[in-house]
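**Student:** This is what each chain is made of:
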Amino acid sequence: MGHKQGRTLTRRETLAWLARAGLTLPLVPPMLSGCADDPGQTEDVSRPVPESPAGYGRDPDLLNPTVPWPLTMTRPQLDLTEKLGDLILPPDWESPAASEIGVPEFIDEWISAPYPVQTADRATILDGLERLADAGFLQASPADAGRMVDAIASGGHGGDYEFFKRFRYVAMTGYYSSDVGIRLLGFVGNVSLARFDGPPPEIRRLIGLPPGKT
Amino acid sequence: MGRRQMMADAYDVIVVGSGAAGSMAAYALTLRGARVCMLEAGRHYDPVLETPMWGMDKDAPLRAARTPDKPFGYYDATVDGGWDVPGEPYLSQPDTDFRWFRARMLGGRTNHWGRVSLRLADHDFKAASHDGIGVDWPFGYDEIAPWYDKTEQVVGITGTADGLADAPDSPAGILHEPPPPRAHELLVMEGGRKLGRPVVASHIAVITRPTNGRPPCIYATPCRRGCSIAANFQSTTVLIPPAIASGHLDIVTDAMVYEVEIGSDGKATGISYVDKTLGEHRTVSGRTIVLGASAMESVRILMNSKNPRFPDGIGADDGLLGHCISDTIGSSIWAQFPALENLPPFNDFGIWYPHIYIPWWGLDEQRSGALDFARGYHIEVSGGRWDPGAETFRHFDSVSPTAWGAALKADARRYYGTFVRFAQRGETIPRRQNTVSLHPTVTDRFGIPAPRFSYQWSEQEVRQTAHAQKSMAEFIDAAGGRMLDDIPDDVRDAMSKPGEIIHEVGGARCGTSRNNSVTDPYGRVWGVPNLYVVDGAVFPTNAHKNPTLTIMAFAWRAADHIADRAGHGA
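Heads up: the protein sequence lines correspond to chains A and B, in order. First residue of the first sequence: 1, per our numbering; consecutive thereafter. First residue of the second sequence: 1001, per our numbering; consecutive thereafter.
If you're looking for bench data, these hints aren't it; they were derived computationally from the structure. Since the model is a prediction, treat every value here as computed from it, not as a measurement. Just so you know, even glycine gets a beta-carbon here, dropped at the ideal spot from N, CA and C. Incorrect hints may appear among the rest.
Derived, one-sided and incomplete: chain A residues facing chain B with beta-carbon distance under 7 Å [claimed, not checked]:
id	residue
1	Gly57
2	Leu62
3	Tyr169
4	Val180
5	Ile182
6	Pro200
7	Leu209
Just a sample of chain B residues kept apart from chain A, beta carbon distances all over 12 Å, derived [unchecked claim]:
id	residue
8	Gly1042
9	Val1135
10	Gln1153
11	His1184
12	Leu1195
13	Thr1208
14	Tyr1258
15	Asn1307
16	Pro1344
17	Gly1362
18	Gln1460
19	Ala1473
Based on the sequences and whatever the hints tell you, model everything.
**Tutor:** See the structure below:
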């Protein structure tokens, strides 16, 4: 994918997504536009009510959650997401790669969502993916691809740290909120108990406190 | 809900609102035999059927991340609410930015609230007498203490008697046994010992022993979703069911109230509202009217109740209506605790809310003039090993900025559950120039004039926040943590926006005479003997103790005043 060609494609996709989501330009959501904080205002400033026609709304079914907005990543974008995601969260002896537990699909869900944080992440992540593609990331050997990840993680590669940071955050959220992630992190709460005793003696010892009551 | 009034001319009391204030008033009045009609702007809501007790973040859109549609995450109980409600705009005057959180549902914000329940102390009711700023409440602690007792017994609140100067103890036998501190809370308590400052059990509206047919907490599922077994306090599980069971309560939901009707004799005769399901205007009559619609909404209704007797709105005669509104001031610092790294799995869930808090310790210093700000604050501490979701790695970049691959997976495990937030919750000074008024032209989708806010922090709040930021940094250091946020050069950058802490009160403050207040000490609007305001609007001050408990105690006391005057049974 050539640089110019890719950029044009991304914009077209964005516009198509905006149309599907029922949004109108400008792309910057009203809450982030900053006008309400402008000290030079001399008129009343209406607190804007962000419309969310393609979101789940203010009263979604909490017992049967669904994602109502369409996923928007193209096949090449998903391929890039899968390769980068599996380098950032690779398989090991005790756990699978990110792509084996639906992380690319979750990143697609995230960047396709019609909310301010996700809309900003969409621009950051799709632009970053596009630059990786332009640099030959998909065709790169594992070692070369790793060097490219090192470059963006260290703030190199055209100042892509923001892309690395946001991609990593979304990937980690998808990975660790899964059953695999819950096991890896060691979350064992949220089970019905007759009583709660606080941390066991072993934990008290490990955090440097004497055993027994507080 | 469709419970239409069956005795439209026969209600003793019309109650507007079904949250902390309205539900407590309806509960107390119906149990004394009054026939009550309660109006709620939002839809019917049943926590038993609707609470996603065991829903996992992995099954929710965006792994339950916070969005404008659900500002506290997908599973939060709030229905049709948030800081921006579609079709219900509000405005800010130049140079101000006030945030108004609403929940349009039966039970209002009691379904999702923070459940911190601290009594105001006698000096909180008499703050002006101590430091000369603002006004006192028209009564002291001893006057309202019996209603604090009754409210705590019905609500069910954890805590201990700590003998603190700033926080009154409850009588023995009322509070529920608090859960033991979590790992990070033990470290904070150690820090407090080193600093010589108190760290005590928080007072949280969650029950840990069976109460009035409600089972105790099962130490699982996030309380902010609501609780289908009623182990935490929501008006929809604790106050409304017994009021319905009394046979004396009718509830009308989807009823957007806009006006108090006044008769030729100057007394209130009823309430007008928009039936949202039919789009029709309706009026319901009652002998006594009680506004518990939430502080800003009740003030808005009073202002919009224009008639020949009150051309500028009911209660506006003396120019105080809509003035002296206030929100709690908040600021926070995130910290990371190396002692908590790489711990083996253990259950850290507890009652979901913080088990401890740092009460205000500076009362004596303040009295002696050693501090450059007038009122106190407390610090809420939250952290722990929670179910992984969109919040889990929010602060991860601060401690692991560049890791990927195997190193990232090691860091994820190492830092999980090591992040702790320290949050100031401070008293603010109600100022006359901080106001809510009606916009002259903008209306909501029902045609009701939109509120317009004007609110700025004063130097009092700025100086208190500077002190709080420094104190939180000291606590973090003493407890063995490292700060992830620097204290900003201009402490204003750390301060919450007015309304963001969702403790907005005032606008129709109570007092000793119509010269200094909008209502009498029972919330009765001066000049209208059968119209009461019983929510946060009546607060003359906004102590740092979270307001809901005091709202409920005040509402119950007002309800007893109404019932006493009407000759209803005890």
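**Student:** Give a verdict on every hint.
**Tutor:** How the hints compare with the structure:
Taken as an interface hint, Gly57 of chain A checks out: its beta carbon lies about 6 Å from the nearest beta carbon of chain B, inside 7 Å. Residue-level restraint check for Leu62 of chain A holds (minimum Cβ-Cβ distance to chain B is 4 Å; threshold 7 Å). Satisfaction of the interface hint for Tyr169 of chain A is found here, the shortest Cβ-Cβ separation to chain B being roughly 6 Å, below the 7 Å cut-off. Residue-level restraint check for Val180 of chain A is violated (minimum Cβ-Cβ distance to chain B is 10 Å; threshold 7 Å).
The beta carbon of Ile182 of chain A is positioned within 7 Å of a beta carbon in chain B (closest approach about 6 Å), and the interface hint is therefore held. For Pro200 of chain A, the interface hint holds, since its Cβ comes within 7 Å of a Cβ in chain B; the closest pair sits about 6 Å apart. Among the interface hints, the one on Leu209 of chain A holds; its C-beta lies about 6 Å from the nearest C-beta in chain B, closer than the 7 Å criterion. With a least CB separation of 9 Å from chain A, Gly1042 of chain B falls inside the 12 Å interface cut-off, contrary to its annotation.
At roughly 29 Å, the least C-beta separation between Val1135 of chain B and chain A is larger than 12 Å, which holds for a residue marked as non-interface. In this structure Gln1153 of chain B is separated from chain A by more than 12 Å, as the shortest Cβ-Cβ distance comes to about 22 Å. The non-interface label for His1184 of chain B is inconsistent with chain A: the shortest C-beta to C-beta separation is roughly 9 Å, within 12 Å. At the 12 Å boundary, the C-beta of Leu1195 of chain B stays outside the reach of chain A, the nearest C-beta of that chain being 16 Å off.
Here Thr1208 of chain B does not stay apart from chain A, with its beta-carbon only about 9 Å from theirs, under the 12 Å limit. Interface exclusion of Tyr1258 of chain B from chain A stands, the closest Cβ pair being 19 Å apart, more than 12 Å. The non-interface label for Asn1307 of chain B is consistent with chain A: the shortest C-beta to C-beta separation is roughly 27 Å, beyond 12 Å. Under the 12 Å C-beta cut-off, the non-interface status given to Pro1344 of chain B relative to chain A is violated; the minimum distance is some 7 Å.
Against the 12 Å criterion, Gly1362 of chain B stays outside the reach of chain A, whose nearest CB is about 24 Å from its own CB. Every C-beta of chain A lies more than 12 Å from that of Gln1460 of chain B, the closest at about 21 Å, which supports listing it as non-interface. With a closest Cβ-Cβ approach of about 21 Å to chain A, Ala1473 of chain B is found to remain outside the 12 Å limit, as its non-interface label requires.
When held up to the earlier numbered hints, the structure conflicts with 4, 8, 11, 13 and 16 and fits the remainder.
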